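Q: Based on the hints, put chains C, X and E in the right spot on chain A.
Protein chains in written order, with our numbering: chain A, 1 to 358; chain C, 1 to 358; chain X, 1 to 358; chain E, 1 to 358.
There's no promise every hint is true.
Remember, identical chains collapse to one label, so a pair may be satisfied in a single copy or spanning two.
[What the hints assert, rightly or not] Simulated pairs of lysine-lysine, BS3-like, Cα-Cα distance not exceeding 25 Å:
1) K208 - K320
2) K235 - K320
3) K235 - K258
4) K258 - K42
5) K82 - K42
6) K208 - K267
7) K356 - K268
Rather than coming from a laboratory, the hints here were simulated on the basis of the structure.
Small disclaimer: the values here were computed from a predicted structure and weren't measured.
Number of protein chains: 4
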Amino acid sequence: MQKIAVLGATGAVGQEFVMSLNKHPWFELTEIASSARSAGKKYVDALRDPVSGILRWHNPESVPEYIQDMVISKIEDVNPDKFDLIFTALNSDDAQTIEPSFARSIPVISTAAAFRYENDVPILIPGINDEHTELLDIQKKNKDWAGYIAPLPNCTTTGLAITLKPIIDKYGVKSVFMTSLQALSGAGRSPGVIALDIMDNVIPYIPKEEEKVQIETKKILGKLNQRSILPNNIKVSCTCMRVPVSDGHTESVFVETKDPVDPDLVKKEMLNFSKNVSIKELPTAPEDYILVHDDPTRPQPRVDREINDGMTTVVGRLRKDTVFENGIKYVLLSHNEKMGSAKGAVLLAELLKSKKMI
Amino acid sequence: MQKIAVLGATGAVGQEFVMSLNKHPWFELTEIASSARSAGKKYVDALRDPVSGILRWHNPESVPEYIQDMVISKIEDVNPDKFDLIFTALNSDDAQTIEPSFARSIPVISTAAAFRYENDVPILIPGINDEHTELLDIQKKNKDWAGYIAPLPNCTTTGLAITLKPIIDKYGVKSVFMTSLQALSGAGRSPGVIALDIMDNVIPYIPKEEEKVQIETKKILGKLNQRSILPNNIKVSCTCMRVPVSDGHTESVFVETKDPVDPDLVKKEMLNFSKNVSIKELPTAPEDYILVHDDPTRPQPRVDREINDGMTTVVGRLRKDTVFENGIKYVLLSHNEKMGSAKGAVLLAELLKSKKMI
Amino acid sequence: MQKIAVLGATGAVGQEFVMSLNKHPWFELTEIASSARSAGKKYVDALRDPVSGILRWHNPESVPEYIQDMVISKIEDVNPDKFDLIFTALNSDDAQTIEPSFARSIPVISTAAAFRYENDVPILIPGINDEHTELLDIQKKNKDWAGYIAPLPNCTTTGLAITLKPIIDKYGVKSVFMTSLQALSGAGRSPGVIALDIMDNVIPYIPKEEEKVQIETKKILGKLNQRSILPNNIKVSCTCMRVPVSDGHTESVFVETKDPVDPDLVKKEMLNFSKNVSIKELPTAPEDYILVHDDPTRPQPRVDREINDGMTTVVGRLRKDTVFENGIKYVLLSHNEKMGSAKGAVLLAELLKSKKMI
Amino acid sequence: MQKIAVLGATGAVGQEFVMSLNKHPWFELTEIASSARSAGKKYVDALRDPVSGILRWHNPESVPEYIQDMVISKIEDVNPDKFDLIFTALNSDDAQTIEPSFARSIPVISTAAAFRYENDVPILIPGINDEHTELLDIQKKNKDWAGYIAPLPNCTTTGLAITLKPIIDKYGVKSVFMTSLQALSGAGRSPGVIALDIMDNVIPYIPKEEEKVQIETKKILGKLNQRSILPNNIKVSCTCMRVPVSDGHTESVFVETKDPVDPDLVKKEMLNFSKNVSIKELPTAPEDYILVHDDPTRPQPRVDREINDGMTTVVGRLRKDTVFENGIKYVLLSHNEKMGSAKGAVLLAELLKSKKMI
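Next comes chain A alone, as it looks inside the complex:
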């Protein structure tokens, strides 16, 4: 068993780490650390809101027993030598200084944006750009670190990049328009979205989100050259909104392809890709990497987000686009806290371990 620490364990993403590592066959979570405010408390006590008394635990299953009474460390007290791997669920500012201090010694898998746009840092989605993991070795050399920082993309990027990949491979993609309807849990839980702001409402803006998706999609789908990633030359334009849905980002996507496309062929391509995806034997991999609905009323976040425990990207409404000469449009659903975040990070850890990089 590899020893694991999670930094930022009490927030929405941290909670998913706690769930994803519960009874994991390869990884054992042995230390959790947080900001000074929570340090020294038992995990369940730190989850409780001091004003309302509500347990801020956001998961249909209860807090796993193994973690309930684990005392939270201060991040600066975590000794990297005791671990094989660190997962971080920090905000970007904290990640900026904390992640390198650990990467000096051991691999750090990060859900934060802090290092995603560095030249020698790949943005990794297991099954999509596994070959970019090689950039981690270059990073280690560049920085003279024993470890590395391996970030996941923003949770809104994940489903988009996953669904574009089989289309690019077969038909080529020129441009993409995407409008997201993002879930509340994507905003975290401290405090996250206020009920009065979102009830009976849509917020048409999420700070910095669109820029992240636009840049990350190109980098993920880009080519590794000797010392960095050459971004894919697709053009991407996004509008990102918040809707009153607890979990699961829905995205409306319009894609211009290089070659002529047909919805049935794209469906076939997606399912083929899903069937042969590289990571299918890893413990956290879903039975279906991509699932395509013919029912036009799907995907729906409440109905489809928990399929294969949130690790499947669900596609529906595949149809010919009416603007592009060559193009299709579709709707996708991706679980922002599972495949799009903590559980996707665990899958990445499994991939890296299978490549002997952990």
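A: Relative to the frame of chain A, chains C, X and E by itself:
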């Protein structure tokens, strides 16, 4: 005062007619008619759900006194000779047979889709394509009717066509991608959307909606020739979704223009258009035809839908598009039951009356 | 395996029957029947709303494979001789005529109210009033039937009667005030509660609900005498409301006891009762019949309703009452479609079978 | 015009003060003060959430122009000599030290709980216990202050006390059981209730709320003796819950009376009381102080909360209780931020001014 009848007075749109005609300076609603099920009942009694006992009245203000005890007629008993104008809020199948039977005698302003796609029928948005009203005269001649059928567009088309108009006029538009986040009231109230279907959810499909918006936008923005409308040659692609919002359709729009554009100039163009819109002196016209927010978190449906009593199209997030060489993107909000439906129909009636066509 | 038919299989309760009987160790669902409207269709096709196209399936898990393509019979075509037991999820009017026609031949377990208040009909909650099952034999003789009608209580009664039982047994109960906050699924799904009626709202009235709870609670907790149930002489007063919650009825309960009580002792009594409940070895029985939270923010419907797959009554906020000389107050949560309805009916069938009454 | 300052102007209650004092005929809001965090900012800028950028303004109408650019003072910089009256919307801890420092010089009307339970402090609801205002003079003498602290009750107490008053006056009241379904805005807005905590949920606990309602109701309905209030000897027991409703507290009330009662007579009594209520000529007083619905589906918070701009207590479901020998039960709705808070405070100020106490 012109005498008015409303056909289909108990549904969501019918209720807005009842509100919009309350104390109207030019129009007096003197008869309401509905399906056989409601006929013979007082208006308030017909609004009450027989199972739950709930009054299905969907408006912050109470049922106006003038209408509470008005007895609902059977549609086939309505005598057109007693009226100057008929408003209809029928479903499309009923409209198909009922509307012509009245148009033989008097003008019919319709919120139904039944005749929108006929050659000699314009789709009218007051302030956008007033010149298309001339087609009503051709229609009268063609059919040898004393009246005509004048339909409004689908409620999702309204805000899109209104915001495209000033851009087309100045910069030309080549293509449009639109994703809508549509309100519950757009699905009507009998029964409309079931709570269990939409709570914590998004439904990514509204039957026939996308086709309507795609066709209607082109027709509304088209050119009147001698006997029909030549559709505008812009290309339009839509994905229409339902979200848990009571009123107000939010739309994410990406526009490719012919000429180079700039968000500030587009804003100026929109505000200019708004300031000089043809219908601004009519009783139901809003103070602002289009309103443009600089605050990136706007428009929000709950916050902005009631501005100028739901007659204003609210735009926000105007910014340069990142795919099109010449293009912008924005978010719009349009009140689907007010400007997008009954109240827009009353505004159209005012326009037609001011043109002596009623 | 006993052969089972479900009458009324497409509604909310019918769907829970379908789930509860999936891979059941003793029962095999071999026929489903519904109103003429659905008859002749495959089960999944009958679930689809004809207007919106949405699959009206209300369960986090998918429609089980065994039932997807089963063709729905007309109720009048169901041959009782082919079954050991009938479950009904009919509305009360239909139940009135249909249930006796089957009870003539075989046992009928009903979720409808039609016969609950007959002298020779018990209202059964497995684990609470198992001895009332004897009244079914009297019923059979009275009616000269081979079967019987065994109804469950209204879903709002279930949790109340379950939590009162241990208090009555130990301290005696004089009077009860209960206010319910009932879930949407309790109103069924055809059409059930309209989204526009309940969003950002509470409906303070559910037709006939309060009378049902008041009468049923006394009957369930009453004494079987030779030919009927002598109702318990507790007094009960209820106010029943609908809230925007999908599943799980929350109830605020104030109880006046005969003897002095103490919250800690009541908790102990409840847990003791739970531990020793009669039905704990049956296949559908939960691990905890009653669960008592010390955390004052519990029970919460979204968090606690699925505990033990909805078969546990969850209690919290147990504290001394401030009005009654002897009294306590608490909040309870009961899953209205599981323990309170279809799944509770399956548990009842198991109890009856274990008593050789099926 | 009397000069007014509001302390704590940016929160939910503070915002209602800003609205209630907009164009007030007697009062002019000339200074707003807040915590150090907001001080020095313009009002609209202080309302904006620093993370999401959302304007935390919770009112269908826009921020009034008169206040938009008003710069927020530090509370300690507010000079009481410049004002005739201070309104406070502080949390209880801050109120504890800040309110006396102002009451030394001028009247302070408070929505905080800090001083409500002091002997020489009345808890005032205009129209219910106007005679308790005399205690303010005693308070001034006791403390040797030029002003006084006059607190309103907790927002959940207001509707309960208002509806009990006419029943007490006519029939006497022995005991009351109340379960509240409280709105989100009652929890304030910094941060208030988190969307993920309350969506599809009920929280059955609000810290300290029940104790407040139980004590305050008795004090408000008590008798003034020479130096304090002798609490009414009614017994009160409450359970307070949070529901996913934006505004408007719904309360389910069971009342045991001394004399026999009848729902029709209670209705008459309430309407009579409403008609003759002392404060009806004051500027902020509603047309109906109490409104009683015969429609059993009312009151509903979304439908009824804005009646008379939130100043009316709306009653429905008046019916005979089934437990008490003499008793009734009903449901009430009270706008927690208007009559139950800031706007009720303005009404109180009007009452005190009309009594020459300001």
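Q: Taking the hints in turn, state whether each one holds.
A: Against the structure, the hints:
1. K208 - K320: between (31 Å within a copy, 15 Å between copies)
2. K235 - K320: Intra 19 Å, inter 13 Å, cutoff 25 Å: intra and inter.
3. K235 - K258: Both, since 12 Å and 19 Å are each at most 25 Å.
4. K258 - K42: Classified as neither; 55 Å inside a copy, 42 Å across copies.
5. K82 - K42: Only inside one copy: K82 and K42 sit 20 Å apart there, 51 Å across copies, limit 25 Å.
6. K208 - K267: between (32 Å within a copy, 22 Å between copies)
7. K356 - K268: neither (33 Å within a copy, 54 Å between copies)
Of the numbered hints stated above, those contradicted by the structure are hints 4, 7, listed in ascending order.
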